[in-house]
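Chemist: Using the sequences plus the hints, can you model the full thing?
Number of protein chains: 2
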Amino acid sequence: MASHRFDPTFTDKVVSAMGDKTEPRFKQLMTSLIRHVHDFARENELTIDEWMAGVQLMNWAGQMSDAKRNEGQLVCDVIGLESLVDEITFKLAEEATDAPTATAILGPFFRADTPFRSNGETVVRTIPKDGRGEIAFMSGKVVNYVTKAPLVNASVEVWQASTNGLYEQQDPEQEEFNLRGKFRTDAEGKYSFYCLRPTPYPVPDDGPAGKLLKMMDRHPFRPAHIHIIATCDGYKPLTTQIFDRKDPYLTNDSVFAVKDSLIVDFVERKNDPQARIELTYDVRLVPDGAKTSGV
Amino acid sequence: MASHRFDPTFTDKVVSAMGDKTEPRFKQLMTSLIRHVHDFARENELTIDEWMAGVQLMNWAGQMSDAKRNEGQLVCDVIGLESLVDEITFKLAEEATDAPTATAILGPFFRADTPFRSNGETVVRTIPKDGRGEIAFMSGKVVNYVTKAPLVNASVEVWQASTNGLYEQQDPEQEEFNLRGKFRTDAEGKYSFYCLRPTPYPVPDDGPAGKLLKMMDRHPFRPAHIHIIATCDGYKPLTTQIFDRKDPYLTNDSVFAVKDSLIVDFVERKNDPQARIELTYDVRLVPDGAKTSGV
Numbered sequence: 001m002a003s004h005r006f007d008p009t010f011t012d013k014v015v016s017a018m019g020d021k022t023e024p025r026f027k028q029l030m031t032s033l034i035r036h037v038h039d040f041a042r043e044n045e046l047t048i049d050e051w052m053a054g055v056q057l058m059n060w061a062g063q064m065s066d067a068k069r070n071e072g073q074l075v076c077d078v079i080g081l082e083s084l085v086d087e088i089t090f091k092l093a094e095e096a097t098d099a100p101t102a103t104a105i106l107g108p109f110f111r112a113d114t115p116f117r118s119n120g121e122t123v124v125r126t127i128p129k130d131g132r133g134e135i136a137f138m139s140g141k142v143v144n145y146v147t148k149a150p151l152v153n154a155s156v157e158v159w160q161a162s163t164n165g166l167y168e169q170q171d172p173e174q175e176e177f178n179l180r181g182k183f184r185t186d187a188e189g190k191y192s193f194y195c196l197r198p199t200p201y202p203v204p205d206d207g208p209a210g211k212l213l214k215m216m217d218r219h220p221f222r223p224a225h226i227h228i229i230a231t232c233d234g235y236k237p238l239t240t241q242i243f244d245r246k247d248p249y250l251t252n253d254s255v256f257a258v259k260d261s262l263i264v265d266f267v268e269r270k271n272d273p274q275a276r277i278e279l280t281y282d283v284r285l286v287p288d289g290a291k292t293s294g295v
Numbered sequence: 001m002a003s004h005r006f007d008p009t010f011t012d013k014v015v016s017a018m019g020d021k022t023e024p025r026f027k028q029l030m031t032s033l034i035r036h037v038h039d040f041a042r043e044n045e046l047t048i049d050e051w052m053a054g055v056q057l058m059n060w061a062g063q064m065s066d067a068k069r070n071e072g073q074l075v076c077d078v079i080g081l082e083s084l085v086d087e088i089t090f091k092l093a094e095e096a097t098d099a100p101t102a103t104a105i106l107g108p109f110f111r112a113d114t115p116f117r118s119n120g121e122t123v124v125r126t127i128p129k130d131g132r133g134e135i136a137f138m139s140g141k142v143v144n145y146v147t148k149a150p151l152v153n154a155s156v157e158v159w160q161a162s163t164n165g166l167y168e169q170q171d172p173e174q175e176e177f178n179l180r181g182k183f184r185t186d187a188e189g190k191y192s193f194y195c196l197r198p199t200p201y202p203v204p205d206d207g208p209a210g211k212l213l214k215m216m217d218r219h220p221f222r223p224a225h226i227h228i229i230a231t232c233d234g235y236k237p238l239t240t241q242i243f244d245r246k247d248p249y250l251t252n253d254s255v256f257a258v259k260d261s262l263i264v265d266f267v268e269r270k271n272d273p274q275a276r277i278e279l280t281y282d283v284r285l286v287p288d289g290a291k292t293s294g295v
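Residue numbers (UniProt numbering), protein chains in the order written: chain A, 1 to 295; chain B, 1 to 295.
Hints were generated in silico from the structure; no laboratory data involved.
Remember, identical chains collapse to one label, so a pair may be satisfied in a single copy or spanning two.
Mimicking BS3-like on lysine-lysine, the simulated pairs with C-alpha atoms at most 25 Å apart in a straight line are:
| id | residue 1 | residue 2 |
| --- | --- | --- |
| 1 | Lys246 | Lys259 |
| 2 | Lys13 | Lys27 |
| 3 | Lys259 | Lys13 |
| 4 | Lys13 | Lys91 |
| 5 | Lys21 | Lys214 |
| 6 | Lys246 | Lys270 |
| 7 | Lys13 | Lys211 |
| 8 | Lys148 | Lys190 |
| 9 | Lys211 | Lys27 |
| 10 | Lys13 | Lys214 |
| 11 | Lys21 | Lys211 |
| 12 | Lys190 | Lys270 |
| 13 | Lys27 | Lys214 |
| 14 | Lys246 | Lys13 |
| 15 | Lys259 | Lys148 |
| 16 | Lys91 | Lys27 |
Modeler: The structure is reproduced here in structure tokens:
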């Protein structure tokens, strides 16, 4: 690999500086990171000015981050890293026969204190003033992925942004817990509620992630989506997002989170004065201890 | 290279999202960075928790940085990146026939407003109270690298930390411009001054760089060194550091900046009541437009 004209011993010297007491997994990660970062610098003959521009951008991301905003995460998102780590985690969880919990991306707008609502209720507590709020009826079953049997008393939690691209905790105009709720499946495994047809929105582009997007000649938009967490005793929790097939940003999500299996179709709904469109979505949960080859 | 079991199209998708208006060099750097970062994640099957720990560490570095401290730079330093970029820059400058100015690392403690002093004067304006301050006489010539002719009226600027590891602007106990000065070479190309024999000191280890060092089971010390900038009309400026051969950290500098050619020997000095040791160091400057194969 030493097909460069720089000191061929340098990277080994940095790696071997690590002491015997380094935790093995951390040593593996730092060794790999140091090799990749050094290869990146050599392959591109990185200049001091370019390196320093990168340092200042990362410092800026940290300075912009606080309890409500994680700009370092967003910088990773726009280069696809969070979605890639999500894919890796998902694949490992799939392959494990006794994964304790499939960790997954919550995103920054999840709230642990979201209240339960009754099936058939609406999560739209504040009607968007821009007239772009289209009410949809969403319903489905939670089922055992292996046997297809309906799961009674499972929990389905959803949250979504309003038409202005803001989640309720970002927007003083929205009632608390607007566009979020938890639902329990009934005796037939069914859940149902009214929500908004989701709309695309830009990720915050006033910081380093936005600067990178502009410099890469890319737009900041995420395709319309609804966040879902489904849980049931005896089953692996599922955290996911579903995407509207008609969204113009479906093929060019600024954070690369769309998977084909997560694209859904809103269709016409008849004879319901509350909603003219509907979405049917069944959630399939994997029993604890089951090995699967695709969920 | 796709010897992994993850989506083989994902990285290409992220890279190809860059638009036509992306500046070509930036596109090259981002393409390479994205490929290396994704390979790093896949090769190590990076978990969400590990990725998020990295994000939080980088955010912390930014939050700790201000006008007086660049923690993002220090994180790069402890994994050897600044020294590697310095080597790359140095090699490119060597190879260029008409490099305008060899950019080089100044470090965070350079001051542009350092005053000129007379040859033979001392830069030690505040004597260290810990008794560890050993006065040294440093002298030499500035010469033309090609012809070896002495250069008259060249400038030699030096700065160094005190025995407590602090530069004067970090330490209210030190007089302003303590341990720094600029000197002009005389009619024979000579400069001279008194300074301290430099002492090793730790890089600041109360932040993410220090945390990484501890986790890598490494010490934070830099070997004793004196910073030098030499300039002369018609010659390429030289920015460098020289290191004391007797320093215990010479082979394990926490930021990997030592080069063999920069190691110097302090020797006994006789018949000088002001200093018992001395260092002779000639600075060789490359004429503008000259091509060299090693300076």
